[in-house]
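Visitor: Listed here are the chains, written in short residue letters.
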Amino acid sequence: MKILAKDKVQALLDKIAQQATVYVPMAIEQGSGFYPWNEDNKEKPLLLDALNVYNSPKYVVFPQTERMYDLKQQGQELSIDKTYEDSSERVIFGVRACDARAMRSLDDVFLTRGFEDSFYKARRDNVTVIGNACYNPGVNCFCGAMGVAMTEPETDVIIRDTGNDGYIWEAKTEKGEKLTALVAEFLVDKELKYPEAKSFTTQVDYEGVAEKLKSMFDHPLWQKMAEPCVNCGACTYICPSCHCFDIQVKMWGDSGYRFRCWDSCMYAEYSAEAGGGNPRPTGVERFRQRFLHKLEFFNERYGYSLCTGCGRCTIVCPAGVRITDIINEIKEVDSSVEL
Amino acid sequence: MSNCNCEQPLVPHIVEVIDIVEETPDVKSFYVKSVGGGLPYQVMPGQCSMLSLPVGEGMFSCTWQEGQEYQQYAIKRVGLLTEELHRIEVGQKLGLRGPYGNGFPIETSRGKDMLFIAGGIGLAPLRSFIKHCFKNRSDYGKITIIYGSRSYNDLCFKKELFEEWPSQPDTEVHITIDNPEEIWKGHVGFVPAYVEELAPDPAGKVSVTCGPPIMIKFALQSLQKLGYQDEQIVTTLEMRMKCGIGKCGRCNIGSQYICLDGPVFDLTQLKQLPQEW
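Protein chains in written order, with my numbering: chain A, 3 to 341; chain B, 111 to 387.
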């Protein structure tokens, strides 16, 4: 097997960075997330031992704000002069299994079911992902309950932390092989034992929940569960798999551009119609939409849950809403009770 | 022929407005063709397009028939984009992308009697199906159209309603307005009640309903009362949309995206979805 010694990581990142923008988990100021490995950031602490950094790498393939095309209007004339599909080479290093699964759900949304989103595709086709297998889940982690294998992130390369001996390096896809060839000089052949996986401390039972939710749209439990929620949308922005977007325009006089940006089902404007109607008029409907999308609707459409068990929404929620409690409550409640 | 912008589905084509017709005080029809002439793309009855000006994009039902070199959009003035659209003049360039959505069941309705129920601007999408039936008259049986608006002035497509359609063979057109008016000698009352009053026999029929959500809700109840089976009840849903291609999230009802899997559903399908429409 191939081994990456820990003291070779920085040199390996430098090497990849000659050909691609490399995103690595880092702590910057109060936050943490995936940041470009460049001269400005190199001195900042690398967080390869952390489980989940605060911000997921979602934005690398699906930026928070993405310029789509330039618009020009003069009198009755209208033109689109330039589109902005970004196909530059990128590598994301150290992605955990939950975030890798989230990226798979973005792939399913943006690249399947009738239309391929050209902006997403341009980025995604040119991203190579190096996963960092988890062996010691954190207090908010529950990916296992959501069908994610923490030791087998769905990525192009998997690294496995064996402690002082370094990382086991395994190429899993063609992209992964290509990257492995590029960094061959930093890998040595040696046999190491796989680390031992510890068990989850957060207990969640999602088994049968998606199916059960099908008959719970009008259940009074939503009213109760939504009560503390202030519809701030923090959970949707921090979520690695939330993919809803708005399309907006920025014009200066005659010219400008159309862009898309993350949007949130927590906001009234999200589903407010020009004619004045809104199918989700209060926080309760919006709360229900979010959790049904995560736990039932996506499952029905794509065959797995849209919640990957990363635990971030639990950490950021100012009102103490915990998706794990929600899953467990749904599991427990009598689904036949109707309003 | 089809110019579906499949490579870059979110980037519009530029089209030109070649004619604008004022249908009612707040509805105008816009006729568009590609810049330099020709049809932007073919559209099945019930499918939609995203029309745009710099201020924004919006999803509108399209009317097009085989052989036509242009598309038509009947648009009611309700919001930011439609206000702007109502201000433009012939020659204006617009952004256009599509076609989106599943369209009406024109194939499976062949050989059936057709019942069209519309309210207000809801006649615009149905009109493309109605026109399709008239163009392929022998493929469909008796055609019954029940249409209503708030007032006489708000009735769309008056020439077709009062002249062209009633003179078609084996066709009935029933029109109602919500409140009495001096100018109006016809039926007064809401569309669902009128449907019940006329009580068109469900045998061998397909009903297709389009209108404001509240009208749809009651019209579907009326049809059920009259004995229509779920699969005979077809309607269209609408939700706010941004992308039109099933990605941006907001137009879902349950696991279905109205822009992609709809906007046309029959009651069998609707009964599988949460009651959020």
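Hints listed in this document are in silico derivations from the structure and should not be mistaken for laboratory results.
One or more of the hints may lead you astray.
Unchecked claim - Examples of chain B residues toward chain A, derived with CB under 8 Å:
no.: 1; residue: P119
no.: 2; residue: V121
no.: 3; residue: V165
no.: 4; residue: T192
no.: 5; residue: G221
no.: 6; residue: K222
no.: 7; residue: M224
no.: 8; residue: P290
no.: 9; residue: E291
no.: 10; residue: I293
no.: 11; residue: W294
no.: 12; residue: G359
Stated by the list, open to error - Simulated pairs of lysine-lysine, DSSO-like, Cα-Cα distance not exceeding 27 Å:
no.: 13; chain 1: A; residue 1: K84; chain 2: B; residue 2: K203
no.: 14; chain 1: B; residue 1: K268; chain 2: A; residue 2: K333
no.: 15; chain 1: B; residue 1: K252; chain 2: B; residue 2: K203
no.: 16; chain 1: B; residue 1: K252; chain 2: B; residue 2: K335
no.: 17; chain 1: B; residue 1: K269; chain 2: B; residue 2: K252
no.: 18; chain 1: A; residue 1: K226; chain 2: B; residue 2: K203
no.: 19; chain 1: B; residue 1: K327; chain 2: A; residue 2: K216
no.: 20; chain 1: B; residue 1: K381; chain 2: A; residue 2: K214
no.: 21; chain 1: B; residue 1: K381; chain 2: A; residue 2: K216
no.: 22; chain 1: B; residue 1: K203; chain 2: A; residue 2: K252
no.: 23; chain 1: B; residue 1: K222; chain 2: B; residue 2: K138
no.: 24; chain 1: B; residue 1: K143; chain 2: A; residue 2: K74
no.: 25; chain 1: B; residue 1: K203; chain 2: A; residue 2: K74
no.: 26; chain 1: B; residue 1: K203; chain 2: B; residue 2: K222
no.: 27; chain 1: B; residue 1: K252; chain 2: A; residue 2: K74
no.: 28; chain 1: A; residue 1: K4; chain 2: A; residue 2: K195
no.: 29; chain 1: A; residue 1: K44; chain 2: A; residue 2: K226
no.: 30; chain 1: A; residue 1: K177; chain 2: A; residue 2: K195
no.: 31; chain 1: B; residue 1: K143; chain 2: A; residue 2: K84
Every residue gets a Cβ at the ideal spot worked out from N, C-alpha and C, and that includes glycine.
Visitor: Could you run down the list of hints and mark each one as holding or not?
Guide: Hint check results:
1. P119: holds (5 Å)
2. V121: holds (5 Å)
3. V165: holds (7 Å)
4. T192: holds (7 Å)
5. G221: violated (29 Å)
6. K222: Hint on B/K222: violated, closest Cβ of chain A at ~28 Å, above 8 Å.
7. M224: Hint violated; B/M224 Cβ to chain A Cβ min 27 Å, cut 8 Å.
8. P290: This hint is violated: B/P290 lies away from chain A, its Cβ roughly 25 Å from the closest one there, beyond 8 Å.
9. E291: violated (23 Å)
10. I293: violated (26 Å)
11. W294: violated (25 Å)
12. G359: Where the cut-off is 8 Å and the nearest Cβ of chain A is about 3 Å from B/G359, the hint holds.
13. A/K84 - B/K203: Roughly 17 Å between the alpha carbons, so the hint for A/K84 and B/K203 holds.
14. B/K268 - A/K333: violated (56 Å)
15. B/K252 - B/K203: Violated: B/K252 and B/K203 sit about 40 Å apart, past 27 Å.
16. B/K252 - B/K335: Distance of about 21 Å is within 27 Å: holds.
17. B/K269 - B/K252: holds (21 Å)
18. A/K226 - B/K203: violated (51 Å)
19. B/K327 - A/K216: OK: B/K327 and A/K216 at ~22 Å, within 27 Å.
20. B/K381 - A/K214: holds (17 Å)
21. B/K381 - A/K216: Judged against 27 Å, a Cα distance of about 12 Å means the pair holds.
22. B/K203 - A/K252: OK: B/K203 and A/K252 at ~19 Å, within 27 Å.
23. B/K222 - B/K138: Since the Cα atoms of B/K222 and B/K138 sit roughly 32 Å apart, the hinted pair is violated (cutoff 27 Å).
24. B/K143 - A/K74: Holds, because 20 Å separates the two Cα atoms, which is no more than 27 Å.
25. B/K203 - A/K74: Holds - the C-alpha atoms of A/K74 and B/K203 are around 11 Å apart, at most 27 Å.
26. B/K203 - B/K222: Roughly 41 Å between the alpha carbons, so the hint for B/K203 and B/K222 is violated.
27. B/K252 - A/K74: violated (50 Å)
28. A/K4 - A/K195: holds (12 Å)
29. A/K44 - A/K226: violated (47 Å)
30. A/K177 - A/K195: With a Cα-Cα distance of about 25 Å, the restraint between A/K177 and A/K195 holds, given a limit of 27 Å.
31. B/K143 - A/K84: holds (22 Å)
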